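Chemist: If you read the protein sequences in the order shown, they are chains R and F. Okay, so the first sequence: first residue is 59 according to our numbering, each after it adds one. Okay, so the second sequence: first residue is 49 according to our numbering, each after it adds one.
These are computed hints drawn from the structure, not numbers from a lab. Hints are not guaranteed to be accurate.
Said to hold, decoys possible - Simulated restraints on C-beta separations: (1) R/Asp-200 x F/Ser-120: 54 to 60 Å; (2) R/Val-114 x F/Thr-107: 49 to 55 Å; (3) R/Arg-115 x F/Ala-306: 22 to 28 Å; (4) R/Glu-203 x F/Arg-313: 35 to 41 Å; (5) F/Gly-258 x R/Ser-108: 31 to 37 Å.
What the hints assert, rightly or not - In silico negatives: residues of chain F with every beta carbon more than 10 Å from chain R: (6) Ser-94; (7) Leu-104; (8) Gln-140; (9) Thr-180; (10) Leu-187; (11) Ala-191; (12) Pro-197; (13) Ala-200; (14) Gly-236; (15) Ala-252; (16) Ala-253; (17) His-282; (18) Phe-287; (19) Leu-311.
All of these numbers come straight from a predicted model, not from anything done at the bench. Glycine included, every Cβ here is placed at the ideal spot set by N, Cα and C.
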Amino acid sequence: MHSTLSKQAERVSPQTSAAPAIALDGVTLIRRTQEELHYDLKRSFLRLVSGRSRRVRRRTVLERVTLQIKRGEKVGLIGPNGSGKSTLLKLIAGILEPTRGSVAVSASVAPLIELGVGFDAELSLVDNIVYYAVLLGHSERDVRERIEDILDFAELREHRDEPTKTLSSGMAARLSFAIATEFRPEILLVDEVLSVGDERFRRKCAARIEHYWDEHSTILLVSHDMATVARTCDRVIWMDHGKVRFDGAASEAADAYLATIPTMASFRRGQDLVDLAHHDPRGQIVVKGRSGDETLYLIQDGRRHAITINWILRSHYGPQDVLIVDDAVIMEIVEGEALL
Amino acid sequence: MIGALARGSMPAVPAGWRRHLELVRMSALRLLKTRYRGTSLGVLWSFANPILMTALYTTIFGTAFASYYGGSILRYVFSAFVGVTVVVFFSQATTEALSSVVANGGLLNKIALDPEIFPIAALSANAFQQLTTTFPVVLVLAAVLTHDPLRAVLVPIVFAGVLLLCAGFGLALAAFYVFFRDLLYLWGVFSFVIWMTCPVFYPAALVPAGIRPYLTMNPVGMAIGALREVTLGHGPIDFSLVGGFLAVAIVCACVGHALFRALRRDFMDLL
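Make a model of the complete structure from these sequences and hints.
Modeler: Here is the structure:
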């Protein structure tokens with residue numbers, strides 16, 4: 059374990075040392091705001107004709123991010139919602155491309171491990187495993203040899219030929235975790251992984267991740283839970299408004315970071331949201347309170363905003379927003395299939 | 049160090065075209081599997097559709113229009129069948145390609161993939177269906193009716209042209225659909241217009257002479273014209289008909305591909 063990383067000082071230029079596993083150089087990412095997500099041709103055309111066409115609004119999601127991660131480093135990414143943590147992972151995974159700057163990754167990257175994978179509901183588990191793993195870059199033959207291992211780890215052997223839609227969301231999450239971690243990637247990107255499945259399976263996942271920890275894989279872990287990060291990572295990168303606010307030893311980051319977020323009493327995650335929130339036809343998350351007069355709050359950027367019942371949380375608030383009622387966290391908003 | 053060396057790809061798999069083809073093959077296979085799950089008559093169904101429609105047209109229009117086909121109802125049947133095959137394939141393939149990128153938005157947000165594989169896979173899955181059902185019939189038609197080996201050789205080439213045409217439309221539509229989510233509905237209307245303006249079940253000679261030139265600009269109509277020429281035609285082959293269509297198909301494919309490449313930069317912000 060490398061536990062002696064100090065703030066910024068350890069930056070090394072690629073010329074003077076072995077190439078880092080991940081190197082971001084002056085990365086700026088500008089994206090369309092998702093407010094414009096679902097516009098339609100008819101309306102755009104009418105707007106154009108009536109001379110009221112609007113320019114596409116864009117937002118700087120990451121601004122001049124420069125960082126290097128060495129092979130075998132365990133890095134925790136923390137920061138409030140919308141600070142660019144998940145975006146950073148997507149850049150490293152090659153899903154997004156930077157507007158300016160460069161991203162260089164010199165090792166194999168596992169997919170983002172998070173809830174909601176995008177399995178084909180009609181296909182059998184086996185077919186989904188093969189399809190998903192081939193998309194990840196493995197040959198069909200390799201995958202077929204390892205199907206049993208994957209099914210065993212996910213504890214879904216008896217469901218192998220059933221269509222995937224028969225799985226519960228927890229089972230699907232187990233399967234995606236099993237596939238993503240089966241192939242020993244050199245770089246593991248983990249987005250809130252510890253919310254997979256039930257308590258027992260969560261421990262099993264943690265054990266597998268820890269195994270990677272010991273095997274000198276490079277790991278990037280996005281988490282809200284500073285305690286987890288401090289316990290498992292040597293280095294912490296704290297993102298704030300698209301910039302790196304702190305980059306250094308985990309112990310130094312913990313106190314400063316925790317001071318910026320309100321106390322959270324209890325958590326209920328993803329699936330519990332079904333009663334309270336749903337996607338409206340335009341893809342926005344609509345939150346309804348259980349009873350009419352509770353006040354709900356949305357925590358964003360570390361600040362608490364009172365919101366009213368039926369408030370529309372636009373999806374650009376992103377996953378992992380937190381709603382609290384009377385100072386107790388009642389849920390976390392996790393976008394994706396878990397909601398539907 | 050500039051750019052990504054091996055982003056998102058594992059060293060075990062060769063990069064470039066082979067991976068691209070492998071992904072298209074797997075995605076097309078997935079589409080075929082979900083389509084035919086639980087139906088033993090799956091493949092036959094894609095046969096039933098054009099045959100039923102041809103039967104319908106023949107019942108209603110066959111006798112009335114037979115005089116345009118040398119008084120032969122059988123020629124009308126073949127002519128309608130070729131037309132229906134092309135039109136059904138075009139509208140199915142392009143409609144499926146249209147929604148393919150958006151439908152796979154979840155995957156594109158998790159794995160670094162070229163979004164182009166999804167419309168191409170949708171097209172391939174549909175093409176596979178044709179190759180196993182109507183295509184052999186059309187090929188046999190050409191051989192039996194024309195007794196002209198050159199025509200039979202041209203059938204696969206015209207069919208390839210139809211694929212290129214669909215690829216061009218499919219790629220462009222898939223890209224636009226990312227931005228304009230009402231396109232599925234609009235394309236439904238538009239492909240009906242394309243259908244109606246193709247001389248599928250009526251002879252082109254029936255259309256007033258002043259309007260006919262506009263109808264010949266319909267690329268799907270051109271495809272039908274070319275395919276009829278090589279399957280039902282006689283005498284010297286009208287190469288301008290076949291060559292003209294192939295040229296249009298290639299241009300369509302290139303334009304669709306270029307549009308897709310130009311627009312894909314913004315895809316991930318909207319998926």
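Chemist: With reference to the structure, classify each hint as holding or not holding.
Modeler: Now the hints, each set against the structure:
1. Range check, R/Asp-200 to F/Ser-120: about 58 Å between beta-carbon atoms, so the 54 to 60 Å window is met.
2. Under the hint 49 to 55 Å, the C-beta atoms of R/Val-114 and F/Thr-107, about 53 Å apart, fit the expected range.
3. A hinted range of 22 to 28 Å for the beta carbons of R/Arg-115 and F/Ala-306 is consistent with their spacing of about 27 Å.
4. Taking the beta carbon of each, R/Glu-203 and F/Arg-313 are about 38 Å apart, inside 35 to 41 Å as hinted.
5. For the hinted restraint 31 to 37 Å between F/Gly-258 and R/Ser-108, the CB-CB distance of approximately 35 Å keeps it satisfied.
6. No Cβ of chain R comes within 10 Å of the Cβ of F/Ser-94; the nearest lies about 18 Å off, and the non-interface call holds.
7. For F/Leu-104, the non-interface assignment is confirmed: its Cβ lies about 31 Å from the closest Cβ of chain R, beyond the 10 Å cut-off.
8. The beta carbon of F/Gln-140 sits about 18 Å from the closest Cβ of chain R, which is more than 10 Å, so the claim that it is off the interface holds.
9. Distance check on F/Thr-180: its Cβ is at least 20 Å (rounded) from any Cβ of chain R, clearing the 10 Å threshold; non-interface status holds.
10. The beta carbon of F/Leu-187 sits about 31 Å from the closest Cβ of chain R, which is more than 10 Å, so the claim that it is off the interface holds.
11. Every Cβ of chain R is farther than 10 Å from the Cβ of F/Ala-191; the closest lies at roughly 37 Å, confirming the non-interface assignment.
12. Against chain R, the non-interface label of F/Pro-197 holds: every CB pair exceeds 10 Å, the least being about 39 Å.
13. Against the 10 Å criterion, F/Ala-200 stays outside the reach of chain R, whose nearest CB is about 36 Å from its own CB.
14. The claim that F/Gly-236 lies off the interface holds: its Cβ sits roughly 13 Å from the closest Cβ of chain R, which is beyond the 10 Å cut-off.
15. Look at F/Ala-252: its CB is around 32 Å from the nearest CB on chain R, clear of 10 Å, so calling it non-interface holds up.
16. Once the 10 Å rule is applied to beta carbons, F/Ala-253 is consistent with being away from chain R; the minimum gap is 36 Å.
17. Under the 10 Å C-beta cut-off, the non-interface status given to F/His-282 relative to chain R holds; the minimum distance is some 45 Å.
18. Non-interface call for F/Phe-287 relative to chain R: holds, since the shortest CB-CB distance, roughly 39 Å, exceeds 10 Å.
19. The claim that F/Leu-311 lies off the interface holds: its Cβ sits roughly 12 Å from the closest Cβ of chain R, which is beyond the 10 Å cut-off.
In this structure, every one of the numbered hints holds.
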